[in-house]
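Student: Listed below are the residues making up each chain.
Protein chains: 2
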Amino acid sequence: MAAAGYKVVGTRPVRPDGIEKVTGKAQYGADIRLPGMAYGRVLRSPHAHARIVSIDTRAAEALPGVLAVVTGKDIPLADDVIRNLGEGAVNFRDLRDNVLASEKALYDGHAVAAVAAISQHIAGEALERIAVKYEPLPAVLDVREAMRPEAPVLDDRRRTKDVGNTVGDTPTNVASHIRFQGGDVAAAFAEADQVIEREFTTSTFHQGYIEPNTSTASWNADGTLTVWTSTQGAFGIRSQLSELLRMPLNRIRVIPLEIGGGFGGKINVYLEPVAALLSKKSGRPVKMAMDRTDVFRATGPTSGSSMRVKAARKGNRLTAVEASLYFEAGAFPGSPVGPGAMCMLAPYDIENFVIDGYDVVLNKPRTSPYRAPGSPQSAFAIEQVVDELARGAGLDPLEFRLVNATHEGSRQVTGVAFGSIGNEECLRAAVASPHYKAPIEGPNRGRGVASGFWFNGGMQSSVIVSVNPDGTVNLTEGSTDIGGSRASLAMQLAECLSVPYEAVHPIVADTDSVPHNDITGGSRTTFASGLAVYEAGMEVQRELIARAAKQLEVPADTLSYEDGVVRGADGKQLTFKEIAAAQARTGGPILGRGAVSARGVGAAFATHVVDVEVDPDTGKVQILRYTAVQDVGTAIHPSYVEGQIQGGVAQGIGAALNEEYYYDETGHLHNASFLDYRMPTALDLPMIETVLVEKPNPGHPYGVRGVGEVPIVPPLAAIANAIADATGHRFTALPISPRRVVEELGN
Amino acid sequence: MAAAGYKVVGTRPVRPDGIEKVTGKAQYGADIRLPGMAYGRVLRSPHAHARIVSIDTRAAEALPGVLAVVTGKDIPLADDVIRNLGEGAVNFRDLRDNVLASEKALYDGHAVAAVAAISQHIAGEALERIAVKYEPLPAVLDVREAMRPEAPVLDDRRRTKDVGNTVGDTPTNVASHIRFQGGDVAAAFAEADQVIEREFTTSTFHQGYIEPNTSTASWNADGTLTVWTSTQGAFGIRSQLSELLRMPLNRIRVIPLEIGGGFGGKINVYLEPVAALLSKKSGRPVKMAMDRTDVFRATGPTSGSSMRVKAARKGNRLTAVEASLYFEAGAFPGSPVGPGAMCMLAPYDIENFVIDGYDVVLNKPRTSPYRAPGSPQSAFAIEQVVDELARGAGLDPLEFRLVNATHEGSRQVTGVAFGSIGNEECLRAAVASPHYKAPIEGPNRGRGVASGFWFNGGMQSSVIVSVNPDGTVNLTEGSTDIGGSRASLAMQLAECLSVPYEAVHPIVADTDSVPHNDITGGSRTTFASGLAVYEAGMEVQRELIARAAKQLEVPADTLSYEDGVVRGADGKQLTFKEIAAAQARTGGPILGRGAVSARGVGAAFATHVVDVEVDPDTGKVQILRYTAVQDVGTAIHPSYVEGQIQGGVAQGIGAALNEEYYYDETGHLHNASFLDYRMPTALDLPMIETVLVEKPNPGHPYGVRGVGEVPIVPPLAAIANAIADATGHRFTALPISPRRVVEELGN
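So the sequences go chain by chain: A and B.
With the first sequence counted from 1, adding 5 to any position gets you the working numbering.
With the second sequence counted from 1, adding 5 to any position gets you the working numbering.
These are computed hints drawn from the structure, not numbers from a lab.
Treat each hint with caution, since some may be false.
Copies of the same chain look alike in the list, so a pair counts if it fits in one copy or across any two.
Below, in silico cross-link-like pairs of lysine-lysine (DSS-like), each with a Cα-Cα straight-line distance of 30 Å or less [stated by the list, open to error]: (1) Lys582 <-> Lys285; (2) Lys78 <-> Lys166; (3) Lys582 <-> Lys555; (4) Lys286 <-> Lys26.
With the rest of the complex left out, here is chain A:
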């Protein structure tokens, strides 16, 4: 059934790509085969930190069947400049050095060379024949260690970009330091009824997408480049290739394939430039694919962190927070400490705060965005402290949050006021939920709650809408469909044009075939590409009226479009199908285009409730029940919204209970496989209940808010709070794995 006032919005039709995916016909990167195609493989550093003294590729090149070998020298030197490609700032020297190491290998698995050969096996054999002379250096693997003056420095040229745009004068691993502050923290602490101060750590964990990264490149004799890849944003890949390879944008065609998950981890280039260079050298299309070990060692993960939070309460009011967030950037700067700092206090209307954030490099893979980047970490810290303050106030933790909740007009730590938000509505819905009303009983059982926030994104989107002569419609868009955006966009177009959902066929086109679209990320696609769809749909509506005016021989301004029919004052009318059928003789193809740099983003709040049972003997934490309440704006396709929420919660549960990179002291990763890196499976999880709070975003004609990211924010803290409730012990380090539970409970 459609949402109130809508015909299509709010229904749950079949996803356009669903059958193709379940029948195995959908084309992923691994399915690409091209005439004359060669296979590329990457040689990776066995050292976490080492100077590359020399690379001798001659023996590899001499191996029969080897077509090309490349090293860092083959990528043009990039300047140490940060450029904003419209999707966040990128330092191209860093990006280049991550793609193929130049002077130093900075983490276990850092790419140092690559080979193209006529078979994968020969390529593998050739890798063994590349002689890399390393000078091993001490590695630093802990964020607080990395900040110490005596720590090994990854890059002698690096200076801290400090608060107020000052720049440090000594080599350091601290890439930057940011601060958000307001009010008078010291005074608030002095007047407080209760002050809690705690330190927290979170582990390094990976996006864990099911499809390993893969790219195929064909460098053509005319200097153009075609790349088939699995990515969250074909245009972003194109931009990065353009900068790294110094090619104009219009010489590069990126063809996006189906994506087996990304979660932020498939935004930046890894294999693409390498495959392109191997193709250029070999004159053949070159296909490259990572195995799972490569994925763990050299892509993703999100930042491990160390955090200190001090917070105060006076009566029922949260009065002050002082926090320091130390985020691991991995081998190159770029941790999400900024968003982590900006999100943590978003649920709370608080006057006095100071938050310091540090972006710190160390000898781990360059981190990538991961679903609401930074926010789960900082929520893990603040939401536990808030829990303790609520207990101190003697209030139900949701009540305490309601008392202190932000609402429309509340100021964020950046000073910007919130628009229409559903924070309080989520808290109230959580209180009213069957789950929260049910008792939690039994030994070693406990209940926890936590709030979460994500900004959601806007950015650029474009679509083209083509009306076919039989009254069906093609929607050409450029947003990678990760979580059902083909359907959510087709539904918005069907709504706008008053045609059945089945009449709209959405397609994700390549970078040559559709105008610019920023990445699918930031929970922006259904919102921002939806705005573009609406704009295009309205243009089609105007064109339908203009064409009908010609057919009916009446002035266009006497006509209006409603329910799929153009009607005139005199009872004359033409249906969408009739106007579509006549288009060839009324002026040619009917089409509409939408192009937006989206404004009116609606932020997302969530409140989660979780019941756990802790086995004190094995340390296993069982999730008994989980309810996720979220302001989803208008749920265009409620099943996908629920799916997004359930997926985010599942990932949050993994981070809370099991997921971590296990490095030895020399910086070798020891659990780079799904056997040893423990992600939750269906057997580990209950059915995750969802409560959709629909507070329409006034910045979108159908009220759309992004829904994909905020669900991962509360679980880490909610589960820690539940475990504290169950055990009386507060776990401040992630993951709360069986080993840790057993150790800390001391049973």
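Assemble chain B onto chain A, guided by the hints.
Tutor: This is chain B only, laid out in the frame that chain A set:
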């Protein structure tokens, strides 16, 4: 050097697809490989005319490796209705019966069944196991024979659609009879100084494209269909598949590949529906490819014809023409007798005429359009008669044509007046050409001239223009690039936007990725898609001004765009590149769209001059010198215009001297290979000289006229006139092959 007043138009840049094609990387139909792909082959009738009594496919289906077998029964029954898909009328019952025969096999090579198997060899073996029981029927192979009441009738349901929309009452092979008339022919003949009456015949000849037809289809589990094919119009293939398979247009995606020639022969479906049905039955993608024998037997060709022309002169004026054109349609109606009739008198301002045209079915392959369909045949007739009248008047044949030439305002046989045309200019340029001024001397040598006409086409085109942030531009279009249209469209966009040609990257997108485009045919693409490009470019110009207004903070109406710069009255300015770079923050992606149902088509005239030498012993005719003069409107890319003219002349020479289908009396084709079907090679031809008369078409902003088709019109007649000049004998039957020359000259 650019044409006067232009920067890009008139230059000769490298074609965007050139290097890809010569390095073998361009993707043609034969290059497609898909996971799980099966191979399809077609069983063809060995009889020219036979009732299909039964088809037993069981033994084929039982063969290991065979995945599916289809026959005519697998295509939904189509109604005997003619539908106009925007690109000419199509009778879907006929189209269906041609794709896979239903009740009868109507020509040698008619498809009767098809097989998909895991290999081509197994598919071939399976074909031999299909038992078709035929009841052979007498075949009719000559157009005049086919019209006789006692001739075998191909379809008992067929009745003649006669002049005035009357319908005959007896079964017949004459599908239709049309008439154009004006003035008083009888009176004019009575008053004439000279009357010539002759009969002519032209052979059945093939488009001769180098790439055999090939199609791959993937019928997906969700009921959508993807087709990779080599076609002149992906949207036309989509429309035909939609009608034949009864699927909505938005469920079908046709991906056009590079095309190895079409010339009108790759407009209609042959393998596409068969591959689709085999894919549906087998659950696999199915690839099908014809060999050259299949191509000759079952695709193309153009109409063989029989024509009677009677024409009169009074003084230097052509006063009357009476013509009957009998055109072979092949097995199903649809010969180009209509355009043949409409073109033949276009060069002549003549008052009294009656032209009867007959569309006649017989037991040959269903004909397809072939470059200026019908016009070469009728020109072969009329231009020889005009030649004789000119000689009778004692006038130079070009002078005689000039005296009688049509010009702007002259009426066509349809009654429609010509717009701006370059007929007289071509005749004058031919008179002034170095070739025509040079003497023709020596035994057995002669010179001939002829005029030719083609309407040129308009129809629908759409394009999308995307401005990249680095100031390059992507042009997404949907017109198959046969003769350089990527370049000719990119050049028009570069001209419109005042950016370098290299800044524009044109791409031919698939039917899901670009709005509707009619076929590349009718010499319409550079004109009509060019109009769409201009419309899109102007929209981009307006958007550039709007964006610059935001950046400069001045009203948009104070700004103008010229030479790649937006300038204001106060000296403020921004370059195209600067505006492009800022687009993300000035409103999002800058794009323009053009969609036209093109008006303002400019017709094409040509005058050709040819010198030949006839070897009376061997019968060989050598082309000594050839000059083609043509009104090309503005030559966007003169090299391609010259190439189109040279290609058309080469094909015309082939038709004049060698090309013919050789059938025995039972209707078996005996020369279905390039060994036995003689096309001209480079060794047979001199360098063909071209004279570009540029009379801009006022219906296009850059004056574009279609140029691709008219060059094939004059050669047949010009060569016949030259041979008459050389030998004193007038050849009225094509081809004027060595055998025919020896026989008719009686040496």
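Student: It remains to establish, for every hint, whether it holds in the given structure.
Tutor: Here is what the structure says about each hint:
1. Lys582 <-> Lys285: Classified as between: cross-chain Cα gap 28 Å, same-chain 49 Å, threshold 30 Å.
2. Lys78 <-> Lys166: For Lys78 and Lys166, only the intra-copy Cα distance (29 Å) is at most 30 Å; the inter-copy one is 75 Å.
3. Lys582 <-> Lys555: within (15 Å within a copy, 39 Å between copies)
4. Lys286 <-> Lys26: between (35 Å within a copy, 20 Å between copies)
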